[in-house]
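Mind docking chains B and C on chain A? Use the hints.
Listed below are the residues making up each chain.
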Amino acid sequence: MKRAPFIAALFALGLALAAPLTLTGAGATFPYPLYAKYFAVYQKLTGVRVNYQSIGSGGGVRQLFAQTVHFGASDAPLSDAKVAEFKKRFKTEVVHVPTALGAVAVVYNLPGVQEPLKFTGELLAEVFLGKVRTWNDPKIAELNPGVRLPPLPVTVVHRSDGSGTTFVFTEYLAKVSPAWRERVGFGKSVSWPTGLGGKGNEGVAGMVRQTPGAIGYVELVYALQNKIPFAALKNRAGRFVLPSLASVKAAAALSDFPPDARVSLTDTPAPEGYPIASFTWILVYQDMAKNRAFKSRAQAEALAELLWWIVHDGQAYNEPLHYARLPEVAVRVTEKNLRALTFGGEPLLR
Amino acid sequence: MNLRRRYLRDRVMQGLVYLGTLAVLLPLFFILYYVFVQGIGALDLAFFTRPPAPPGEGGGGMLPAIVGSLVVDLIALALAAVFGVAAGVLLAEYPDHPLNPFLRLVSDVMAGLPAILMGLVAFVLVVKPMGHFSGFSGAVALALIMVPIITRATEGVLKLIPWEITEAGLALGLPRWRVILSLVLPAARGGILTGLMLALARGAGEAAPLLFTAFGNPFLTLNPLEPMDTLPLKLYVYAISPYEDWHRQAWGAALLLAAAIMVANYLARRATRS
Amino acid sequence: MPGWLYQRLGDRLFSALVVGLALGVVLAALAIVWVLYQGGREALHTFGFLGFLTGSRWDAVRGEFGAWPPLLGTLVTSAAALFLAFFPALSAALFVVEFAPRALKGAVAYLIDLLAALPSVVYGLWGIFVLVPLVRERVELPLFTWAAAHAPGLLAFLGPPTGIGMLSAILVLALMIVPYASALARDALALVPQSQREAMYALGATRWEVIRRVVIPYARAGIFSGVVLALARALGETMAVTMLIGNSVNLPYTLFGPAATMASLIANEFTEAEDDLHLSALIAVGFVLLLIALATNLVAAWVLRRMSLGEGRK
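Chains as they are written, first to last, in my numbering: chain A, 16 to 365; chain B, 18 to 291; chain C, 1122 to 1435.
The following block holds chain A by itself, in its conformation from the complex (with noise of 0.2 Å):
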């Protein structure tokens, strides 16, 4: 007889939580398609729904601060003012979560020529500063002895649209280029010296494609998805490095990981690591009570436990789709971030 007030309560309480949860996400272009693997996953799983769209990584942020979504995405860390700024307005940190691993591969268009092409980070400034004009130039000769390279003009393709992939990308030339960072600097949107300029990473592969003696850089699973020839980078080692899951991997391995997950991985010192690679993350309220997109803990509640899933066992989706995974060290420094996320005070996870 005591049981059945309980056992009615507790169908009650089913019957709520049967009601489908939807979390509303928005942001980075570049991990759509890997989130939208994720998403679909984790709603067999657990019913929970995820509206995520990319809306481009500033849109996601500016969604976040306006407080219109659960979650933002972003394949640049924000920088200290914006941080500062966050905690400024909403009394709360912002928690930079990683996802998974990108990497930007140089492609170029060069009929005849087969093998990889070499190339250092000071020759990829100059020839994006428009200093190498052809082919052929002695420069990228030294770098590839036995190569035939044409007389063929060189010509520049860089995104014309603001992008996570070109921040890392410049970012890694200001760092190996002095004269990079004196001319251009890094960001999500710089003003390019010379070049086209393709609309997102598929219009770059379009015009690389189309142009014989094309330059440019796309995220790596557009170079292997579109079969592009793309080059070896000089890494800090010293090693000529190819991009691939695990060089990207190996970037990562860093033994410094930052407690707060808001790293730069360009110009690893890894020995074999990819130069020019990068994570990007999820970006959420730490007390996410203080987020007005939240109607309920339970909806709290499901994002941690989301990104829970996500940093691990979400990663065995990542490789499929070419995304590279998070290192050991990330996943152990998330899970701290994820264990300090709370509801008005109240830890989320247990």
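Keep in mind that the hints are not guaranteed to be accurate.
Claimed, not checked - Sample of chain C residues with no beta-carbon within 10 Å of chain B, all distances over it, derived:
1) 1146
2) 1165
3) 1177
4) 1180
5) 1200
6) 1260
7) 1262
8) 1268
9) 1274
10) 1276
11) 1278
12) 1346
Stated by the list, open to error - In silico DSS-like pairs for lysine-lysine, Cα to Cα no more than 25 Å straight-line:
13) A/310 - B/145
14) A/351 - A/106
15) A/305 - B/145
16) B/145 - A/103
17) A/190 - A/154
18) A/242 - A/103
19) A/106 - B/145
20) A/133 - A/242
21) A/133 - A/249
22) A/305 - A/106
23) A/310 - A/103
24) B/145 - A/102
25) A/133 - A/190
26) A/242 - A/102
27) A/97 - B/145
28) A/305 - A/97
29) A/154 - A/310
30) A/154 - A/249
What the hints assert, rightly or not - Some, not all, of what chain A presents toward chain B, calculated at C-beta under 8 Å:
31) 44
32) 47
33) 51
34) 55
35) 74
36) 124
37) 216
38) 217
39) 236
40) 243
What the hints contain is simulated information worked out from the structure, not anything from laboratory work. All residues carry an ideal CB built from backbone N, CA and C; glycine is no exception.
Frame of chain A; chains B and C shown alone:
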């Protein structure tokens, strides 16, 4: 002037007109052929009935986007038609009204703005107060794009309706409003319809203004107060992705969009031609 | 319903309704202006209005934003596209109304409208994969090699013949705006009373003379409407232009080389701009575009008023 010269000129000009027309139609055929070839493969049953699938898995479709497009575009067209036709009527039928100079100016100015800015306006005016994205805010953004087209087309065609028609109606003792509604507007319906169809075509193909208004939604919903997906949004996202399957679906969406608008155009013209 | 009620009240209600709705349009436009001004204010104050309009460096990294290059790009591409599109658009309209046999009329008109139904991104994709290689191989490279041999002074004007750049963008833009001019012109031409034509024929005119002296002048307000709408479309067109124009904000621009327009600049950087000044600068570019549209429309309104005198309604 010499008759032969005049006939010659007539022939030459006729030839130029034909040439000019061909200059327009030829690229059109090229594009249509290209879109058809690229997109027809994607238009299978799954495309119309399934929700989107993640990359790597086949069998996904665009059902939420198709339904979303219908809902958002129809709401937008309804809003825009009411305001746009009224504005056109005011400009043409009440030419001395003091509002007119402002109206004409602002309407044409609106026509020249990139669509993404209308999205920004709708974000500020609708999404922010509501606190969340919605198909309705997307419809508002699209309506802002559609209104000037409808206004200009309506005014243009109403101005060409001969005064005799209005005169005849008034002579029969009909009040002004009845003359406009029952005589002038029906005479102009072809032109007004052109405006509506051009506006629909324009609005239905836009993605940028919907990025932060309708937002998008992988789940089917008929409720315009929830975020909704549309064909152009999906097209845009899929076209910039690295996956062949998604590219095919993007072309399928483009083909479907163009076909749907043309069918709507055809049906509307048939219905009003009597 | 009593007679006077039907008359007077009906008229009052109707005109109140029409005015009310039209007022709604004006308010919406004012809302647009307000939102753009508010958003762009920070940038306009930082650089000064004139400074912003004439500044020629757009550098998000350094926080320098000058709108002159994209402004120039917009003016050049829109004017050129309109120039290219006008004759074909008018021809197509004339063909449908005056020349086409009965059976073809509807079909051709329908096909022209189809041009408007294709989403901008489709034009962009077709442009990249079909038009650009064509333009590069058949137009730009031959011209470039000819100029290199015979008129090297021209090379600076022509620019690098890669296919992606101002020329391809202008061509696609012209194609995209044709239906707007053509559809409205067609409706205007169709509304010219047959009696006008017959009077001219009775005087012994050839078909072209009828068109030139009666039909077009009679319909010129409608044709002009179409032109204005087409120009507006050209000013605001984003996706296709962005995909084909090469997006370089550095002057000088060349015919074949990359350029940028205000619309493409906004579309490119808006979703990713995080820095407040950057976002404000982009919205300010939108505000400038608004002013350009305003200026062109003031001119157009003046021209239209000159044209409309004594026409349609006597």
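Take the C-alpha atoms of residue 133 of chain A and residue 249 of chain A, compute the straight-line distance between them, and say whether it is at most 25 Å. holds (8 Å)
Residue hint residue 74 of chain A, partner chain B, criterion CB-CB below 8 Å: holds (6 Å)
So if I understand the rule, the pair passes when the alpha-carbon distance is 25 Å or less; does residue 190 of chain A with residue 154 of chain A pass? holds (20 Å)
What's the verdict on residue 145 of chain B and residue 102 of chain A, does the C-alpha distance respect the 25 Å limit or exceed it? This hinted pair holds, its Cα atoms lying about 21 Å apart.
Hint check, residue 217 of chain A versus chain B [nearest Cβ-Cβ separation less than 8 Å]: holds (5 Å)
25 Å limit on alpha-carbon distance, applied to hinted pair residue 145 of chain B and residue 103 of chain A: Roughly 21 Å separates the two Cα atoms, so the pair holds.
Restraint status (C-alpha distance of residue 305 of chain A to residue 97 of chain A at most 25 Å): holds (17 Å)
Does the alpha-carbon distance linking residue 310 of chain A and residue 145 of chain B stay inside the 25 Å limit? holds (16 Å)
Beyond 10 Å from chain B, beta-carbon-wise, is residue 1146 of chain C? violated (5 Å)
Against chain B, does residue 1165 of chain C hold up as non-interface, every C-beta pair farther apart than 10 Å? The claim stands: residue 1165 of chain C keeps its Cβ more than 10 Å from every Cβ of chain B (closest is about 16 Å).
Hold the hint about residue 55 of chain A up to the distance rule: shortest CB distance to chain B must be less than 8 Å. holds (5 Å)
Does residue 216 of chain A pass the interface check with chain B, least Cβ-Cβ distance below 8 Å? holds (7 Å)
The structure shown violates the earlier hints numbered 1, 12, 18, 26, 29, 36, 40.
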